[in-house]
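One letter stands for each residue in the lines below.
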Amino acid sequence: QKEVEQNSGPLSVPEGAIASLNCTYSDRGSQSFFWYRQYSGKSPELIMSIYSNGDKEDGRFTAQLNKASQYVSLLIRDSQPSDSATYLCAVNLLDSWGKLQFGAGTQVVVTP
Amino acid sequence: DTGVSQDPRHKITKRGQNVTFRCDPISEHNRLYWYRQTLGQGPEFLTYFQNEAQLEKSRLLSDRFSAERPKGSFSTLEIQRTEQGDSAMYLCASSLTGQSNEKLFFGSGTQLSVL
Numbered sequence: 214q215k216e217v218e219q220n221s222g223p224l225s226v227p228e229g230a231i232a233s234l235n236c237t238y239s240d241r242g243s244q245s246f247f248w249y250r251q252y253s254g255k256s257p258e259l260i261m262s263i264y265s266n267g268d269k270e271d272g273r274f275t276a277q278l279n280k281a282s283q284y285v286s287l288l289i290r291d292s293q294p295s296d297s298a299t300y301l302c303a304v305n306l307l308d309s310w311g312k313l314q315f316g317a318g319t320q321v322v323v324t325p
Numbered sequence: 031d032t033g034v035s036q037d038p039r040h041k042i043t044k045r046g047q048n049v050t051f052r053c054d055p056i057s058e059h060n061r062l063y064w065y066r067q068t069l070g071q072g073p074e075f076l077t078y079f080q081n082e083a084q085l086e087k088s089r090l091l092s093d094r095f096s097a098e099r100p101k102g103s104f105s106t107l108e109i110q111r112t113e114q115g116d117s118a119m120y121l122c123a124s125s126l127t128g129q130s131n132e133k134l135f136f137g138s139g140t141q142l143s144v145l
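Sequence order for the protein chains is V and E. Everything in the first sequence is counted per the numbering used here, starting at 214 for the first residue and increasing by one. Everything in the second sequence is counted per the numbering used here, starting at 31 for the first residue and increasing by one.
You may find that some hints are simply not true.
[As the list claims (entries may be wrong)] Think about it this way: if two alpha-carbon atoms lie no more than 25 Å apart in a straight line, the pair counts; the simulated SDA-like pairs of lysine to any residue are:
(1) Lys87(E) <-> Ser297(V)
(2) Lys312(V) <-> Glu74(E)
(3) Lys312(V) <-> Phe104(E)
(4) Lys133(E) <-> Ser295(V)
(5) Lys312(V) <-> Pro38(E)
(6) Lys280(V) <-> Asp268(V)
(7) Lys255(V) <-> Thr68(E)
(8) Lys133(E) <-> Ser233(V)
[As the list claims (entries may be wrong)] Simulated restraints, written as ranges between beta carbons of each label pair:
(9) Ser239(V) <-> Gly33(E): 29 to 39 Å
(10) Arg273(V) <-> Gly46(E): 43 to 53 Å
(11) Asp37(E) <-> Ser253(V): 15 to 25 Å
In short, the hints are calculated from the structure, not lab data. Beta carbons are placed, not taken as given, at the ideal position from N, Cα and C, and that holds for glycine.
Only chain V is shown next, with the shape it has when bound in the complex:
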């Protein structure tokens, strides 16, 4: 079992709709949770971080964390073609703050 799991997609989303991405993790010691966006051939770009249970909103992005269920999600509202990318979920462990464990990513395709 992988430590961080994501659906690989592609997730096809009509322009203007909500994209919903899911991520589960296996280690209950995970402390911090991140979503990175990666365009093809480019490096990962941090878009959201979340540290406690509940929702965190930043512009069109909302991250949701449920530590009891070991589940973190990302919602992208009013999806735009420029949101077409691979979204990587990453978690870290206590005392290993920058040592991130990444999922394989979910490819999102926003169709006009």
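On the provided structure of chain V, position chain E as indicated by the hints.
Relative to chain V, chain E alone:
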């Protein structure tokens, strides 16, 4: 540009050759990380430095790999006797804190192709 800088962007080498990559972190960041990413996978942790000290190396990192950060600023990653399986994107990231809210900022990466 004040972001993380990596050089070269692309490297093509023949099997058995040595290669060296350079990373210049964001200037005020004291932590520097190396990750490796293959097609269709997320980045995989290789090693990291706090200032000039190398604090951890992944068990997956073979003895052919060595990293340095001699003055706590830029870092180099060397791969000796390259193998085709070393073909990947090598990503450098830097951060400022060693706390739970530590955020990594990645460079553009070095794409290595071993023929």
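Checklist entry - Does the structure keep Lys312(V) and Pro38(E) at a Cα separation of 25 Å or less? => result Holds: Lys312(V) and Pro38(E) sit about 24 Å apart, inside 25 Å.
Checklist entry - Ser239(V) and Gly33(E), beta-carbon distance inside 29 to 39 Å? => result 32 Å, holds
Checklist entry - Is the hinted pair Lys133(E) and Ser295(V) satisfied, with a Cα-Cα distance of at most 25 Å? => result 24 Å, holds
Item to check | 25 Å Cα cutoff - pair Lys133(E), Ser233(V) | outcome: 23 Å, holds
Checklist entry - That 43 to 53 Å hint for Arg273(V) and Gly46(E) (C-beta), does it hold up? => result Holds: the Cβ-Cβ distance is about 49 Å, inside 43 to 53 Å.
Next on the checklist: For a C-alpha distance cap of 25 Å, please report whether Lys255(V) and Thr68(E) respect it.
Outcome noted: 13 Å, holds
Checklist entry - Does Lys312(V) pair with Phe104(E) here, judged by a C-alpha cut-off of 25 Å? => result At roughly 19 Å apart (the allowed maximum being 25 Å), Phe104(E) and Lys312(V) satisfy the hint.
Next on the checklist: Check the hint pairing Lys87(E) with Ser297(V) against an upper bound of 25 Å on the C-alpha distance.
Outcome noted: Judged against 25 Å, a Cα distance of about 34 Å means the pair is violated.
Item to check | Straight-line alpha-carbon gap Lys280(V) to Asp268(V), limit 25 Å | outcome: 12 Å, holds
Checklist entry - So does Asp37(E) sit 15 to 25 Å from Ser253(V), Cβ to Cβ? => result Taking Cβ atoms as reference, Asp37(E) and Ser253(V) lie about 21 Å apart, which means the hint holds.
Next on the checklist: For a C-alpha distance cap of 25 Å, please report whether Lys312(V) and Glu74(E) respect it.
Outcome noted: 9 Å, holds
In summary, the structure is inconsistent with hint 1 from the numbered list given earlier, while agreeing with all the others.
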